[in-house]
Amino acid sequence: MSAKHYKFDVTMACSGCSNAVNRVLTRLPGVKNVEISLEKQTVDVISDLDYDTVLQAISKTGKKVNGGTIVSA
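Under the working numbering, residues 4 to 76 are what the sequence shown spells out, in order.
Derived by calculation from the structure, the hints in this document are not laboratory data. Since this is a predicted model, take the numbers as computed values, not measurements. No incorrect hints appear here.
Subject to a maximum C-alpha distance of 35 Å in a straight line, what follows is the list of computed DSBU-like cross-link-like pairs (lysine-lysine):
1) K10 with K35
2) K10 with K67
3) K63 with K7
4) K10 with K66
5) K67 with K7
6) K10 with K43
7) K43 with K66
8) K43 with K7
9) K63 with K35
10) K35 with K7
11) K67 with K35
12) K66 with K35
13) K43 with K63
14) K43 with K67
15) K10 with K63
16) K7 with K66
All chains should be modelled from the sequences, with the hints used to inform the complete structure.
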């Protein structure tokens with residue numbers, strides 16, 4: 004199975020918020036890379052996991068996910 008690239012629009016107020024999202028995602032088995040931009044309020048994830056699994060992991064941090072797209076599958 005090849006890795007997929009997802010981009011999420013996530014409301015994050017501070018570096019603590021982005022660190023919480025990063026911590027949850029990097030602990031997920033199957034996640035290859037995570038790039039978070041606090042300035043742009045985006046979370047880019049390269050993962051073997053499906054979209055919903057990654058979305059649920061971000062949502063569990065309590066941050067508001069305003070949307071997401073599958074950049075490449």
